[in-house]
Amino acid sequence: MSTPDLLYGEAEEDLRKNVRRLLQERCDPSAVLARCESDEPYDLALWATLAGELGVAGLVVPEELGGAGASARELAVLAEELGRGVAPVPFLGSAVLATTALLECPSSEAREAVAALAGGSRIGTVAVPMTTAPGSVFPTSVSARGGALTGTVRTVVDLEVADLVVVPATDEDGPALYLLDLSSSGVRRTPVTPLDLTRRIGTLGLDGASGRRIASSDSAEEVLQHTLTTAAGILASEQTGLAQLCLDSTVEYVLTRYQFGRQIGSFQAVKHRLADLWAGVSTARATARGAADALATSGGDVDIPVALAQAYCCDTVVLAAEEHLQLHGGIGMTWEHPAHLYLGRAKSTQLALGTAERHRATIAARGGLPAA
Amino acid sequence: MSTPDLLYGEAEEDLRKNVRRLLQERCDPSAVLARCESDEPYDLALWATLAGELGVAGLVVPEELGGAGASARELAVLAEELGRGVAPVPFLGSAVLATTALLECPSSEAREAVAALAGGSRIGTVAVPMTTAPGSVFPTSVSARGGALTGTVRTVVDLEVADLVVVPATDEDGPALYLLDLSSSGVRRTPVTPLDLTRRIGTLGLDGASGRRIASSDSAEEVLQHTLTTAAGILASEQTGLAQLCLDSTVEYVLTRYQFGRQIGSFQAVKHRLADLWAGVSTARATARGAADALATSGGDVDIPVALAQAYCCDTVVLAAEEHLQLHGGIGMTWEHPAHLYLGRAKSTQLALGTAERHRATIAARGGLPAA
Amino acid sequence: MITADELRDRVREFLSHHDPGELDRLEFLRARFDAGLAWVHYPPGFGGLDAARALQPVVDEEFAAADAPDNDPRSNGIGLGMAAPTILQHGSDEQRHRFLRPLWTGEEVWCQLFSEPGAGSDLAALSTRAVRDGDDWVVDGQKVWTSLAHTARWALLVARTDPGVPKHRGLTYFVCDMTAPGVEVRPLRQITGEAEFNEVFFSGVRIPDSQRLGEVGQGWQVAMSTLMNERVAIGGGNTAREDGMIGVVADTWRQRPELRTPGMHDRLLRLWVEAEATRLTGERLRQQLAAGAPGPEGSAVKLAFARLNQSISGFETELLADEGLEYDDWTMRRPEVTDMTARGPGYRYLRAKGNSIEGGTSEVLRNVIAERVLGLPAEPRVDKDVAWKELPR
Amino acid sequence: MITADELRDRVREFLSHHDPGELDRLEFLRARFDAGLAWVHYPPGFGGLDAARALQPVVDEEFAAADAPDNDPRSNGIGLGMAAPTILQHGSDEQRHRFLRPLWTGEEVWCQLFSEPGAGSDLAALSTRAVRDGDDWVVDGQKVWTSLAHTARWALLVARTDPGVPKHRGLTYFVCDMTAPGVEVRPLRQITGEAEFNEVFFSGVRIPDSQRLGEVGQGWQVAMSTLMNERVAIGGGNTAREDGMIGVVADTWRQRPELRTPGMHDRLLRLWVEAEATRLTGERLRQQLAAGAPGPEGSAVKLAFARLNQSISGFETELLADEGLEYDDWTMRRPEVTDMTARGPGYRYLRAKGNSIEGGTSEVLRNVIAERVLGLPAEPRVDKDVAWKELPR
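From first to last, the protein sequence lines stand for chains S, Y, D and F. If you read the first sequence in UniProt numbering, its first letter stands for residue 1, the second for the next number, and so on. If you read the second sequence in UniProt numbering, its first letter stands for residue 1, the second for the next number, and so on. If you read the third sequence in UniProt numbering, its first letter stands for residue 1, the second for the next number, and so on. If you read the fourth sequence in UniProt numbering, its first letter stands for residue 1, the second for the next number, and so on.
In isolation and in its complexed conformation, chain S is listed as follows (with noise of 0.2 Å):
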């Protein structure tokens, strides 16, 4: 267990300024609230311009498939700006999943696919339900004859925007993935009303649907394993900077609302609460780049760092979101603030690639400590 380097690098701080630039010109809160109900959802605009001009649609891509060739270490200060913006774009199911899961497949149509996200030019997911967490069975709820894929897929994150999906099936030679156009015929997509109006999901219908394998058995599996440990690990930088925007924005608040005659933020039992949430955004913060240095350094323990991150990110960004709600009072309450925002999107990422408990079953596994 060497010791990981919790910092942020250089790069790391100014790919942060950029991002954060571009997402307050662009992307305010009341931007995302007006967009949230119309027959845009997605700013498909917006991930244009992330991928254009600045080149994070592709970031952990190689260089010679048109992406940045960085790390997950920038990849998680990335997710954090995304979160803090609550921004309306596929990232998690293009630029964390789709990606990850067609950087480790050796084909052609993967490559080419990869490269095809890292431009911005189409838009990819991967078809599993939101919450299946690494270390979950291998699905079966979607089976593959001869290449034509077939079954049904809950909850599949960035789906109605997508343009391709990485579709974990099981063939004659058991697991595998397969890469699907979802133009293709055969391919329904049905979406749900979501509790987080910032990112939506659907229900995936396979009919006969022909997709081209990207990897098969064993490698299929780990392939998986690695694109939902990865995801895992960025979404807890999601989650700290959506908490970190909570805290910041409450902090904001309590010093303009005044009660009593006072700033609200001068009474200790709002200090206290609004210390402690500093405490643990500042504790989630220390776990998230945990989790990004282990997936950005090769051969160390993962799972652990992974797990611990998003065992504690995921109830730490619920908790910024009701306290930001609970300090707001009433106001925060009413639609046209972005409260609601925060809290559906905190509240989805906390069942996203698995809840607490599931990830600390991860720690007893992987830590030996057995349960009963």
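A hint or two may mislead.
[What the hints assert, rightly or not] Distance ranges between label pairs, derived from CB positions:
id, chain 1, residue 1, chain 2, residue 2, range
1, D, Thr338, Y, Ala372, 31 to 37 Å
2, Y, Glu336, F, Ser16, 54 to 60 Å
3, F, His17, S, Ser2, 32 to 38 Å
4, Y, Asp218, D, Gly247, 32 to 38 Å
5, F, Pro257, Y, Leu44, 51 to 57 Å
6, Y, Glu13, D, Arg206, 55 to 61 Å
Derived by calculation from the structure, the hints in this document are not laboratory data. Each residue gets a CB set at the ideal place from its N, CA and C atoms; glycine is no exception.
Could you slot chains Y, D and F onto chain S? The hints should help.
Only chains Y, D and F this time, still in chain S's reference frame:
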């Protein structure tokens, strides 16, 4: 499920008043503290007064056996006051455990013994580990052959001052209860250094000691279960009384301690913690009254009200003692202050007669909420 | 004082002359009011018989047994719980005669206009102005979080009549006609997507001085007695085990074994214990009230209720996992009543967040407990002796 | 500035002239000090080389590799962590020369005399008096919670020199000789039965004015810099996973399967997560310090450390059940060092209660975070502009 009577009756309030007055005179915290490292950690003179003048050693013993013929409701009020005084008297062992067990046994030895306990001329206990929960399997640590008892029982409450003990044992006919005079040969009592300085535990070693059987097979099991359930229910009231003491003396302290030119009780963080504690103690009281009423009412559901009261009160009393200490600051950490007596008592009652998890398991079983 | 048996006789006597099967519902209710059998602890002439408050169930049970129509108390909760006792305590006889009967029968629904955008926890800081003009007062300002404003005929209104004195002293209490010109009611959409509440805007609304309750400048005292009655009402229900949100998740747990995990089992049982313990605390409060010795446990119950609803609904979304990611419907609607167990888990999760804010935040409630129940000192105040208009905001 | 390699060379050079196997321990340490290889970030002449603070480990590792004796830092924690930086910052050159070398070598142990029975969280309210008398000050009063007072040669003392001005302004900071007449040290027994700490009584103790640190009336500022150094020291350790109390219960869990239950498993894992997350937070703080950008996370670590130690030890007693009812030994003892993982579960449970009180209560720490880190306003103060002698107490 009929509605329990959760209030205190007039007779109950009178009982409370008398006991509290006596304890204020004879058993203030400094007296308890002075005693606890002495050769006489129990105040047997106080117990004699409680038994004699107040007649409360045999509160639930029928009048024809020299008791007061009262119900578990009154016993619970007595427990509250003794908890409030962290009184070093053998109440739990003698007036609750031994008395309840003996009252359920039809033998004349049992009747004689219970009369002696009621009068205060003798002190009793039951030979089970203090942590034994209602619903536990019948203990097998002592075996009886021809009335000769052999085995070892740990953490028997009030053992060092007891004259007689009811011993659960397995004999030729299965489970049985034996009444044993502790002055018999073949009896070895080993005191244990206790965390709770106000109530002692000891190890009972039996090496062929001669007891009289007072219950056998199913009846022995039922008597022991009833005894443990009763004790657990009454203990909830003891915990409520101690929690109330912790709350009251903390409120008193924060009104007299000045820091930053103000009573520390005027700081919002302190006020809110005490408000929460008050809510917790009020709730504990409702559950404890519910348990006492269920024990006093024949025929109704007893297991859930008792399990509920224990599951709630045993953690609440620890919280109360911990808050009491924390809000007393440094002074509470000193030996001369009684805070540690409350904490030790609270902690030991938390472990006594089953932890909260154990009682929640009873609720799960009785309430149809099965485990995974 | 009148006994339970005497009361029972009175109801039977009344029913022998007023057949609920025959009479028009409203006429039946009016007659019941006039017979003093509405709220029996009210004075004669105002729907009561000066009986003990604890005897009300006796009367209600008799009428229910006779299949008599009731006054649909859920549709006029503020009227019955807050307006009526305030009018009884602070109103003139003329006001009592005008308002109490149609209030009790449900002919006239009431709402309460206290909170403002700038005056939530600090209610006394409110800035809606009432200026005297002849026999009238002219009201301008904005209220918020008003239930039933769109169905109410009358409102309890507190307005500032003197900005030049400290905030608690410059308030006056009125009964406001919600149909008066210049009153505008707009739905207020919440984070659930619904609009349970309203914003109410006043522009030059005229209120006759005869609709003032209490003296000019005494509005704070009158408002406090209104809120006191609200707090007595909370937690007083006689509920059964597993009523409310805990019942919803307990049923899900029983019906869907595939969702169970050891950690969730432990959490479910902890919540069950907390819910049942809180229910008993409310029951104890009810028994104290019935015995004529109301305790302060109502605040404990409201605190616990908020925490519980939030914990249980958060637990529920985690238990349901994939379903917890969904929401039933974001459409803006105007629900008739608020039912925490209706609709989906997402709704419950979001709606419960309001429980620690509405009707006094949990923070304010803890202050109240600390000061009024435990006798702890108030914090140093910076707003007590300053003219309202000089306060920072 | 000097580099790591240059430092390494210096140590090797030093070792080539000072063989730790040959030299007397104290002489070796004195020579190391004089060579500027004691605390390398201190100025030349005072044990250092003006090097970067982050380079200290380089030096320590070289000496350790050579099996050289160290200065036994655990036995003089207050001297090294608090007295030395305070003397360096506020002392005269004469004072630095007198005190720093024997402090670093461990020849003279130090203690800190700040807290009083009436001045805990509100340190500035302290009432120990120092009255000027010629070239001396005469001190009367009482201090409490003093570690090492019975082994210390010197003490950091804050005393009130002017009761007529507001409390923060009437304090002066001294170095006090613990062997001076009138200083009485009494062991203070704690709830664990032990006496880790002392009470210190002053009756007419004379301190020469030359032992004053900082100006008369500037005692508060000097004391704050002492405490700042204490906070930097907290949480800075480079610990391994499962160090501390969590390791004790994790081992018990592994070794005693008969104690395991599903609910305890869930709690254990939650505590493990909290402990490991807190460890990483401390590690991040250490890395920030090493990178020359100390963060405020030390407060978060201290808060979490207190909560964790209390939760874990409470958990442990529950896990052990019958053994949790026992205590190892109530005998009054004077332990040399405080080791939270030594002794039995009952000791850990009781001792951990002090973690949220000693070195700043968790409540005060939350105030500090809220005001200094988050920039939230102070509460209205009633004690800032009042002469100390007029304050209520």
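Is it true that the C-beta distance of His17(F) to Ser2(S) lies inside 32 to 38 Å, as the hint says?
-> holds, 36 Å
Should the hint that Glu13(Y) and Arg206(D) are 55 to 61 Å apart at their CB atoms be regarded as holding?
-> holds, 56 Å
With 54 to 60 Å as the target window, see if Glu336(Y) and Ser16(F) comply at their CB atoms.
-> holds, 57 Å
Within 51 to 57 Å or not, the Cβ separation of Pro257(F) and Leu44(Y)?
-> violated, 42 Å
Honestly, do Asp218(Y) and Gly247(D) meet the 32 to 38 Å range at C-beta?
-> 36 Å Cβ-Cβ, so the 32 to 38 Å window holds.
That 31 to 37 Å hint for Thr338(D) and Ala372(Y) (C-beta), does it hold up?
-> holds, 33 Å
Hint compliance for this structure: hint 5 alone is broken.
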